[in-house]
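Listed here are the chains, written in short residue letters.
Protein chains: 2
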Amino acid sequence: MREVAVIGIGQTKVDEHWNKSLKELAGEAVLSAVHDAGLKQVDSLFVGNMMSASANNQQQLGAYIADWVGLRYAESFKLESACGSGSAAFRAALLAVSSGAIDSAVAVGVEKMTDSPGGEITSQLATAADADWELAQGVSFVALNALIMQRYLHEYGWTKRDFAPFSINAHANAVYNPYARFRKEITEKQYIEAGMVADPINLMDASAIGDGAAAVVLIPLERLTFNNAFPIIKIIGSAAATDSIAIHDRKDPLWLKAAEISSKKAYSQAGLTPEDIDLFELHDAFSIMAALSLEASGFAERGKGPSLGLSGDIKPTGKIPIATRGGLKARGHPVGATGMYQIVEVIQQLRWAAEGTQVEGAKIGMAQNIGGSGSNILTHILQRIN
Amino acid sequence: MREVAVIGIGQTKVDEHWNKSLKELAGEAVLSAVHDAGLKQVDSLFVGNMMSASANNQQQLGAYIADWVGLRYAESFKLESACGSGSAAFRAALLAVSSGAIDSAVAVGVEKMTDSPGGEITSQLATAADADWELAQGVSFVALNALIMQRYLHEYGWTKRDFAPFSINAHANAVYNPYARFRKEITEKQYIEAGMVADPINLMDASAIGDGAAAVVLIPLERLTFNNAFPIIKIIGSAAATDSIAIHDRKDPLWLKAAEISSKKAYSQAGLTPEDIDLFELHDAFSIMAALSLEASGFAERGKGPSLGLSGDIKPTGKIPIATRGGLKARGHPVGATGMYQIVEVIQQLRWAAEGTQVEGAKIGMAQNIGGSGSNILTHILQRIN
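Same order as they appear, the protein sequences are chains A and B. Note that our numbering gives residue 388 to position 373 of the first sequence, counting from 1, and the numbers run on in steps of one. Note that our numbering gives residue 352 to position 337 of the second sequence, counting from 1, and the numbers run on in steps of one.
Treat the hints as calculated values from the structure; they're not laboratory data. Any given hint might turn out to be false.
Any copy, or any two copies together, can satisfy a pair, since identical chains are not distinguished.
As the list claims (entries may be wrong) - Subject to a maximum C-alpha distance of 20 angstroms in a straight line, what follows is the list of computed EDC-like cross-link-like pairs (lysine to aspartate or glutamate): (1) K280 / D30; (2) K35 / D147; (3) K249 / D30; (4) K279 / D118; (5) K249 / E237.
Keep in mind the model is a prediction, meaning the values are calculated, not measured.
Taking the hints into account, I'd like the entire structure generated from these sequences.
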């Protein structure tokens with residue numbers, strides 16, 4: 016199993032890109048990643064995307080995007096695991112390169128949601144829930160997360176206000192990220208008074224959808240010269256785990272078992288513990304998910320996730336910085352692209368290029384991407400090695 | 016790069032399974048493959064599927080099917096490359112196992128098309144074409160293939176009757192396959208007189224959609240004991256290539272460049288030439304595709320594909336048997352499952368268990384799965400090693 020490095024990154028701003036098609040967005044990210052890597056060509060392309068069939072009338076995104084970026088004839092596929100699609104493409108690219116079958120790969124996550132010919136996006140997003148047991152009851156994805164948050168407040172005695180720091184931190188960090196959708200700070204008052212979506216989740220608990228693409232280039236470490244323009248970033252942990260899609264079918268709906276399994280595997284591969292992680296790009300699609308992710312990944316005890324927000328430990332200067340470039344909440348959440356934005360942002364931090372929100376001396380970063388309400392979770396750990 | 020063997024196979028009959036859901040079909044195939052392999056558990060699941068988002072209101076098939084077959088918490092993803100999705104899942108599973116990251120995997124292709132809540136299947140299939148340049152003109156997938164066939168007849172001087180042997184052979188072979196949808200022979204007269212779909216493609220040139228699932232189990236060769244119940248089948252060639260999705264954008268619309276590239280790579284990995292292949296499960300979604308696939312893969316000269324049908328060389332007793340269990344034409348074409356049916360059928364042949372259509376002494380079999388009208392093509396070569 017060859018060791019693999021990430022040598023190029025690229026991304027578009029998350030926005031309502033009504034003037035850009037899906038392939039233009041993906042192309043921008045792929046070509047800037049390849050350029051950033053200093054390569055002329057790569058061998059293969061792995062695409063993460065959730066909803067192009069309905070939102071863009073287009074399947075077969077592997078061939079579609081490969082052709083557009085000048086990789087006609089190259090190997091290329093699409094990976095899908097709902098909002099976890101981005102990092103699924105990253106992991107597939109990693110396995111292909113580490114197997115020795117392929118010598119270089121681009122992984123790109125892309126989603127084009129805001130001017131969809133496929134009708135209402137809320138229904139399209141709901142295909143990540145269980146069609147028979149959840150959709151048939153008429154719940155949306157926000158509603159499912161609201162049920163989880165409601166139960167969490169009841170079970171552990173927190174109030175809604177205790178979740179404010181997750182949103183405030185994400186927005187404060189996004190100010191410095193030119194690729195983020197919402198580049199403005201918010202106050203606790205604004206958090207509390209935001210319009211309710213599905214009680215207790217209001218607009219400031221929920222990430223916004225958007226259009227965007229993010230990409231990285233992977234090559235075997237053995238092909239690297241140490242004259243590269245950028246610090247070398249190695250993938251030292253990669254793991255994925257699933258859980259039941261239907262939330263009622265889990266033994267404990269307040270515990271992200273797939274996050275626990277995949278993070279433990281990744282720690283073990285890297286020979287690390289949570290204390291060694293300098294920053295953690297987690298999947299704050301809803302503020303409750305930030306809390307659950309911190310707990311299941313070993314950064315907080317069960318039921319204690321919000322305390323890391325209240326203590327300031329999640330800030331770039333804190334013990335375990337999260338959402339350092341805005342997170343899903345303020346950078347935006349183009350669903351199939353999100354996992355790749357997280358990886359790109361971890362690399363920016365490890366290159367010490369996260370202007371305005373740099374985690375000082377960051378050497379080890381972790382990204383965790385969640386598909387569905389925790390039904391498919393991937394954890395990756397990256398390390399700066401020079 | 017570890018060598019990988021296929022040790023278990025499973026499939027459902029291709030049919031209109033109105034009484035079985037997508038996960039029940041996939042489950043049947045997965046569980047029989049795992050049982051056939053003599054395993055109790057596998058580490059991971061790779062799902063090939065094209066249209067569950069629209070046809071079944073369900074994405075996230077990795078977690079969805081993993082949970083259903085008792086693999087909750089295991090790693091699992093969905094791969095999509097239109098009608099090439101099945102073998103894309105197979106290749107992803109192969110790379111994962113050969114990388115050393117995973118010690119056993121099931122690859123399953125599944126499609127549930129015939130009682131879809133998502134509306135007309137022809138439109139859903141058309142998402143494999145180019146939305147901007149093909150769909151916008153109102154062409155269906157059959158129409159695109161009809162344009163190719165029309166051009167082929169014009170260019171090389173064949174008549175429609177010359178394609179009859181592809182369909183006749185497929186139907187003759189399907190008689191012996193209990194998993195095939197159409198188990199009856201057809202005559203040349205029936206072929207000629209069948210109802211026209213899109214001139215010159217009639218009902219006997221076109222494969223039928225259907226519901227079905229097929230699965231195999233992959234493990235590293237090093238884990239095999241030679242006491243296995245079945246002959247050991249090793250994967251000795253695996254390659255994938257893309258082409259433009261829009262057919263008008265290809266230099267030569269009568270040449271499957273991605274088939275040429277992927278088959279040449281697979282031959283080279285296996286150290287073989289087309290003469291060494293004992294049987295070839297090709298992608299006869301339309302009879303014209305059978306001819307083009309034979310040519311691009313080195314079995315016939317350019318423009319000479321139909322001659323292999325006319326000479327009888329494509330029969331189980333011929334020089335290069337194709338569609339030995341009925342092919343897409345008569346076994347049926349549940350699109351995202353087809354690539355896995357092909358692999359399963361190659362393995363049946365190499366186990367010398369293809370009752371009624373056994374290719375005598377078959378040791379080396381090839382499968383080629385096509386996504387779109389040739390925009391994503393995967394070629395696999397398997398060998399019996401004991």
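Do the hints match the structure? See the list:
1. K280 / D30: neither (34 angstroms within a copy, 41 angstroms between copies)
2. K35 / D147: between (35 angstroms within a copy, 13 angstroms between copies)
3. K249 / D30: So K249 and D30 fail the 20 angstroms test inside a copy (30 angstroms) and across (48 angstroms) alike.
4. K279 / D118: Cα proximity of K279 and D118: across copies only (18 angstroms, versus 28 angstroms in one copy).
5. K249 / E237: within (11 angstroms within a copy, 28 angstroms between copies)
Against the hints set out earlier in the document, violations occur for numbers 1, 3.
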